[in-house]
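Quick note, the sequences are listed as chains A and B, same order. Here this note's numbering is used: the first residue of the first sequence is 1, the next is one more, and so on. Here this note's numbering is used: the first residue of the second sequence is 1001, the next is one more, and so on.
Honestly, the hints are just simulated from the structure, not real lab data. Since the structure is predicted, the reported quantities are computational estimates derived from the model, not experimental observations. Glycine residues also receive a C-beta, built at the ideal position from the N, C-alpha and C atoms. Among the clues, some could well be false.
[Unchecked claim] Partial selection, computed: residues in chain B whose CB lies under 7 Å from chain A:
id: 1; residue: THR1041
id: 2; residue: ALA1141
id: 3; residue: GLY1143
id: 4; residue: ALA1145
id: 5; residue: THR1146
id: 6; residue: GLY1195
id: 7; residue: ASP1241
id: 8; residue: LEU1247
id: 9; residue: ARG1248
id: 10; residue: GLY1252
id: 11; residue: TRP1449
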Amino acid sequence: MLGYLARRLAASVLILLGVSVVTFGLTYIIPADPVAMIAGRNSTPAVREQIRHQLGLDRPLPERYANYLGRLVQGDLGRSYARKSDVGPLIASRLPPTLLLMLAAIVAELLIGLPAGIYAASRRGRLGDKIAMTLSFASVSTPHFVLGLTLLYLFAYLLSWLPLGGYGSFSHLILPALTLGLAGGGWYSRMMRSSMIEVLRNDYIRTARAKGMPEWRVILKHGLRNAFLPIIAMIGLDVGIFMSGVVVVENVFGWPGIGQLMWQAIQSLDIPIIMGVTTVAACFIVLGNLIADMIAPLIDPRIRLR
Amino acid sequence: MNRLLISAAVLAMAIATPAAFAAAPKQGGAATITFNNDLTTLDPQVGYDWQNWSVIKSIFDGLMDYKPGTTELEPDLAESYTVSDDGLAYTFKLRDGVKFHNGRAMTSADVKYSFDRAVNPATQSPGGGYFGMIAGYDEVAGGKATSLSGIETPDDKTVVFKLSRPDATFLHLMAINFGYIVPKEEVEKAGADWGKKPVGTGAFKFVEWTPGQNIKLERNKDYFRPGVPYLDNVTFEFGQDPTVAVLRLKKGEVDIVGDGLPPAQFTEVMADPANKDLIAVGDQLHTGYVTMNVTQPPFDNLKVRQAVNMAINKDRIVRLINNRAVPATQALPPAMPGYNTANKGYAYDPEGAKKLLAEAGVGEISTELYAMNVDPNPRIAQSIQQDLAAVGINAEIRSLAQAEVISAGGAGKAPMIWSGGMAWIADFPDPANFYYGILGCSGAVEGGWNWSKYCNKELDARAGNADAMVKDDQLAERIEQWKAVFDDVLKDAPWAPVFNEQRFTYHSARLGGDPALFTDPIHIPVNYDYIFAKDAQ
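Full structure from sequences and hints, please.
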């Protein structure tokens, strides 16, 4: 187990190194010059050169990457072009809202997706199954911003049950978490349904039924535990999906997380923030997958980590 | 007139009188303004986007300012000023009793420090280049000195600016954000966080900034103008999609939609009679235009450029954006001094355009039209594309992110650019601000903002002559000269001016003030210092 963990951690470092190369390369490929944005439309070529020099953009690419990586391993994510303040603390101040939203969204999608999937599996081929799967298809296909604005209009504007966006209390959390949760829940219900159908074919299920166990116990006690395994891996992958989802959802709901920070940085070509958020998000994705892999044997003792 | 009408008239007078004749609104109350984006910085020497522009104006002051809601200059932190006969020295007497929000009195040393800071490349100010006429600019901008030799402080209350060339725009530059006065000790104490902890002399004092959520300001009780500002508290809320912000305003949760009315809701909000008095409409110092790169075929041919001007159906484009603009006749917007009402520009005439193209003899034209990829700009570009196709010009649309379009323009790679979304909103209300960077030779360099790469040395010389007229009695003559410069620019047609945007500010019934304050041409979008709360009256 420890050996496995060490190997996985080493692999994670390699992955993150790869991420740093790709993000650095991408910002280099963008056909836009941050210096022109920083120096403004009245600047002289001499001033633009000065600023280019200050930012180290006049040095060769490998040297720039080495400098970037050198600072990165010391935890220094650089300085924002537009805000002129350090990127690290900027991201740190935006992380708690994003993590809270992600956590709530995972809870929401499991609460929506798992029961729907179990229900559909138990009614396989019947009307209830068809309705549940049609709804899940609709929720998966709806873009986040459409779903978010629709929920806002219904529950916050027309019904006034919840606040119209913002951050601060549990009631602010409900709609953005629900938006992410409905879309994710759609996936989970489909995963859960097929996983459960698979499990319900097994001999031990037939045995359980044969000994007269009520159907709900068969499904919840024997079925669920076994069907849950693929879901765990999915939650790990989900962290990555959420990292992209939060950019849109945070902007619709005015949620002050890193998605919002990222969105504004892209608009103003604030490369240090773009790279910083990408790096931090990559860390979370790697971490999410690692944790999912670690949890799997706790749920299914048949899995051994070697 | 029946009795009902009379009593209604009396009632109307009774309501109107206090507002019209009262000395000033009472202080008190609060306002909440929404923006989609969090502010980047409140550092006056650095902030250069339209969300932070007027927030900075409320926290800081410059030597000069404009009368609220107008483009008329007046002394602000300066009490008075004198100009030497050769126009090369400006002497400002500072006002008594001006204190920074930390309680310290403002002196001439602060003025010098602030301008040194704006020009010093270490500050990375996007506006430092504006102060190029101050003696010693080149040394500081070039990194060889940190102090402008052209600024002298004979005593605490006197500042003398020595210029290397006479420049009629100088007083405007004393009113621009980049020249606002900051206290050295606070800038140094805050270090990299200075943009998040601003301390100024302005009408409002900074209270707190919760990143991504809000900024809170409170009334500066020591503000040097007695009785101003009227509001006790101003809060800016961020992350508010304008579509959601409109809903919140309707529910009475917020007071001003800072980003303006979103296109999708514009017609609905405007049509609602309840909003009649809640939407302020004003001119804005803005022109939307199509640039044509005059250094490359086919646009090196004057006739082709004129044909493009005649081919574009501006009225249709204005309708396309729900009449939120007026068709443009020339480069300058109507609210700008130097706008020539007699110049009607190029009329829409596709037949005439075809004839000109035939005369030009350039054959089939295939070109590219760059546009920013945010609504409504792609739609506008498509409309222009259709108009051009109708006269035989095939323009392929390149719809890109803002920074990419700016880069392509600066590099001279874009044959045509629709300027929407990146367009020139004047930094100060003077025709010069619409010339040098975007139409003059100095902007027609690699990385410059003159995307037409139009460089007419003769016009540059005439512009320089106009700006050398710094005397008060030369004011009218100077504007006439600028008018002539812009008329000649239009004849050369490096641009096709399309429309001048108007501003529509939607605010709650709680807030009062002249509509001009809600569409202030300088304090964009709103002049927070002079609007008031009706519930405090």
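Now the hints, each set against the structure:
At its closest, the beta carbon of B:THR1041 sits 5 Å from a beta carbon of chain A; the interface hint therefore holds under the 7 Å criterion. The criterion of a C-beta within 7 Å of any C-beta in chain A is met by B:ALA1141, whose closest approach is roughly 6 Å, and the hint holds. Taking 7 Å as the C-beta contact cut-off toward chain A, the hint placing B:GLY1143 at the interface holds, the least distance being around 6 Å. Because the beta carbon of B:ALA1145 sits about 13 Å from the nearest beta carbon in chain A, more than 7 Å, this interface hint is broken.
Annotation: B:THR1146 was flagged as interfacial toward chain A, and the flag is violated, the nearest CB pair being 13 Å apart, outside 7 Å. This hint holds: B:GLY1195 has a C-beta 6 Å from the nearest C-beta of chain A, less than the 7 Å allowed. Annotation: B:ASP1241 was flagged as interfacial toward chain A, and the flag holds, the nearest CB pair being 6 Å apart, inside 7 Å. Taken as an interface hint, B:LEU1247 checks out: its beta carbon lies about 5 Å from the nearest beta carbon of chain A, inside 7 Å.
Because the closest C-beta pair between B:ARG1248 and chain A is about 5 Å apart, less than 7 Å, the hint holds. Given hint, B:GLY1252 at the interface with chain A, is violated; its Cβ is 11 Å from that chain's nearest Cβ, farther than 7 Å. Here the hint on B:TRP1449 is kept, as its CB sits about 4 Å from the closest CB of chain A, short of 7 Å.
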